[in-house]
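**Student:** As a plain string of letters, each chain reads:
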Amino acid sequence: MSSIAGQKSGLVWAVHLSAAVLVILWLFPTAGLFVSSFRTADQIATSGWWKALFPSQQNLTLRTAAPETQVQADGLFVIEGSLFEEGSSSVITVWGTNAKEIDAYQPGETAELRRGGRLTVEADGSYRLEGEEEFTGRRGPRVFVTAEVPPEFTLANYEKVLISGGATDNMAKAFFNTLTVTIPATIIPILVAAFAAYALAWMEFPGRALLIAAIVGLLVVPLQLALIPLLKFHNEIGIGKGYIGVWMAHTGFGLPLAVYLLRNYMVGIPRDIIENARVDGATDFQIFTRIILPLSFPALASFAIFQFLWTWNDLLVAMVFLIDATGETTVMTKQIVEMLGTRGGNWEILATSAFVSIAVPLIVFFAMQKYLVRGLLAGSVK
Amino acid sequence: MHPALQGLMTIAFGVGGCVGYFYFSNLFLDKVLFPARGEHIARNIRRANMVRPWLFLAPALIALGLYLAYPVFETLRLSLTQRVPGGGYEFVGLDNYAQMTAEGKFWEALKNNFLWLLFVPAASTAFGLLAAQLTDRISWGNIAKSLIFMPMAISFVGAAVIWKLVYDARPPGTEQIGVLNALYIFFGGDDPQAWLTLPFWNNFFLMIVLVWIQTGFAMVILSAALRGIPEETVEAAIVDGAGPFQIFFKIKVPQIMGTIVVVWTTITIVVLKVFDIVFAMTNGQWETQVLANYMFDKLFRANDWGVGSASAMVIMLLVTPILVWNVYNARREMR
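For the protein sequence lines, the chains are D and W, in the order given.
Each residue of the first sequence is one higher than the last, beginning at 1 in the working numbering.
Each residue of the second sequence is one higher than the last, beginning at 1 in the working numbering.
Worth flagging that the hints you see were computed from the coordinates, not collected in a lab.
Hints are not guaranteed to be accurate.
Stated by the list, open to error - Take a look, some chain W residues computed to stay more than 12 angstroms from chain D by CB distance:
#1 L118
#2 W163
#3 G216
#4 E287
#5 A292
#6 M295
Said to hold, decoys possible - When the alpha-carbon atoms are kept at most 27 angstroms apart in a straight line, the in silico DSSO-like pairs for lysine-lysine are as follows:
#7 D:K173 x D:K51
#8 W:K252 x W:K105
#9 D:K370 x W:K252
#10 W:K273 x W:K111
#11 W:K273 x D:K241
#12 W:K273 x D:K232
#13 D:K173 x D:K160
#14 D:K100 x D:K173
No residue lacks a Cβ here, since even glycine has one placed at the ideal position from N, Cα and C.
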């Protein structure tokens with residue numbers, strides 16, 4: 001297009017720039033969650049996540065090691081160590097021993113402590129505290145430092161959410177529950193819909209057009225209507241709340257789109273292929289399993305992705321048909337909503353849990369985007 | 001039993017059951033019921049072929065009927081009845097509807113739903129069109145597309161957490177960790193605002209979440225439509241001296257109007273069913289109630305199935321015009 005005529009380079013730049021702004025705008029919120037999930041609770045609470053990517057000037061109150069670690073050398077009592085944790089690359093710019101004068105000393109200088117003893121702090125945080133008399137007390141003296149702290153990230157949140165966290169923090173069980181809901185709820189409707197779609201596309205019978213129209217109509221029926229009647233039905237036939245109920249519900253709600261997508265795709269398969277097979281004596285069942293199914297793979301894949309995303313991300317159906325009073329079968333979305341209510345301030349847990357729950361759909365999304373787009377273009381009705 | 005193991009077993013049972021049903025019912029039809037041999041061979045084959053479509057359709061039709069068609073009528077019936085203490089139901093006519101329309105919360109939900117209906121489809125389609133037009137003309141367009149499309153894969157609950165962090169407010173004087181408040185303070189705002197508790201405007205802060213999710217969908221569909229526009233029409237316009245904006249609004253947009261309508265209605269349906277975002281972010285407090293959440297409140301908190309069903313019927317009523325229009329279009333296309 002740009003080669004046609006009359007395209008000014010200014011306009012081209014404007015297009016690049018606006019596209020970049022749009023992309024950044026769309027990415028920014030998710031990036032915030034992602035970055036926050038690698039920060040400690042303190043870091044999240046004290047500075048915006050966008051500052052986490054750059055070194056920051058921080059005022060810290062630290063302590064030397066406790067007096068019980070002191071050693072005797074050359075007649076002096078000495079405590080040595082580093083103010084920072086091992087592996088930290090923070091750099092101290094100024095420091096002090098008094099809360100009122102936190103910038104009294106440069107790195108490398110020595111301060112006389114009021115309680116006796118001399119303290120030397122280097123830029124890298126290593127210190128030497130020495131005195132003629134034995135240090136007493138339970139804790140070491142405080143040191144106020146102003147330091148240039150490099151970006152620091154931790155995997156501790158993930159460790160907590162996936163492995164060591166308590167009942168409300170641990171997502172491992174909910175993760176498996178979600179998986180247990182999702183996989184059968186994705187595979188079963190595909191099978192059921194594929195046979196129905198074949199019948200609607202390639203078999204002649206009275207009432208076919210009417211059925212297709214009915215399925216198009218059912219595509220938009222809000223599932224909200226189904227909640228109470230089906231809950232009653234499930235209770236009556238004795239399955240109550242549980243996996244079977246939620247699988248059946250997801251199958252039912254996913255079927256209109258599945259049948260619609262697959263039928264539209266199957267209709268497009270060349271008639272010659274099917275008629276040749278018929279002439280060669282293939283039965284409908286053989287035609288379906290040997291020819292139609294393999295050829296329909298792209299449509300099957302796109303529906304599978306839709307259904308997977310929809311069941312994995314679902315909250316309402318799981319709350320109504322699956323999760324009972326014991327909460328043993330809770331899914332990730334439900335657990336996150338509960339965390340939002342009870343632990344709204346614990347951003348490190350919330351962000352990490354949310355990211356654990358959206359990581360799988362994101363992987364599926366990026367791996368199979370081609371099929372997702374194809375499916376959207378084929379059946380943009382739901 | 002470990003849930004993972006249980007899941008695997010169910011997959012085996014469910015899938016095996018489905019395959020088994022189709023295989024054996026087909027076998028039964030051909031070998032036992034109407035065997036293709038003996039004196040009535042022609043008649044048997046014809047009959048088998050008449051029955052087979054229904055064999056293939058049966059599971060889907062039963063599931064669709066039971067899980068989508070029957071509930072529409074059952075909900076209608078429930079909305080006209082009331083539970084009698086001690087069990088059973090009695091017919092109460094339109095009492096539930098009268099009770100519902102007497103509630104302020106219902107009108108608030110209806111009003112907000114109309115706000116959502118006005119804003120979300122319009123904003124998503126507009127942003128989608130903009131994104132499609134921009135990304136189609138640049139070399140890194142495909143990467144840009146998939147990044148804008150990405151929120152589509154994120155659950156409404158995940159999106160709620162993401163945007164709650166954006167809207168987070170800290171006490172005045174402390175460092176703001178929510179982007180919106182940080183910007184607000186940076187540009188000279190006085191005190192940080194708790195955005196989700198500001199009546200009326202908070203609706204828009206919730207809507208932005210859905211716009212953020214749906215824009216990618218609109219972009220993908222509209223981008224395909226834009227690429228389908230015949231090149232000659234654009235070239236002719238350039239020859240006639242049309243500027244880029246004229247080409248876009250007077251040549252391209254009219255040609256993809258049909259697709260725009262499809263995108264618009266699809267997002268409209270999503271909006272009518274929107275539940276998770278409001279449920280997770282405000283739960284209808286601070287005047288942000290919407291119909292789907294109102295219904296959930298009635299059904300599972302107040303345990304009032306009559307009024308709950310009545311509000312579900314209101315959602316159904318709002319969807320019906322789109323339903324009729326879709327069926328009409330589908331029938332026209334098939335001819």
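**Student:** Does the structure break any of the earlier hints, and which numbers would those be?
**Tutor:** 2, 3, 5, 6, 7, 8 and 14
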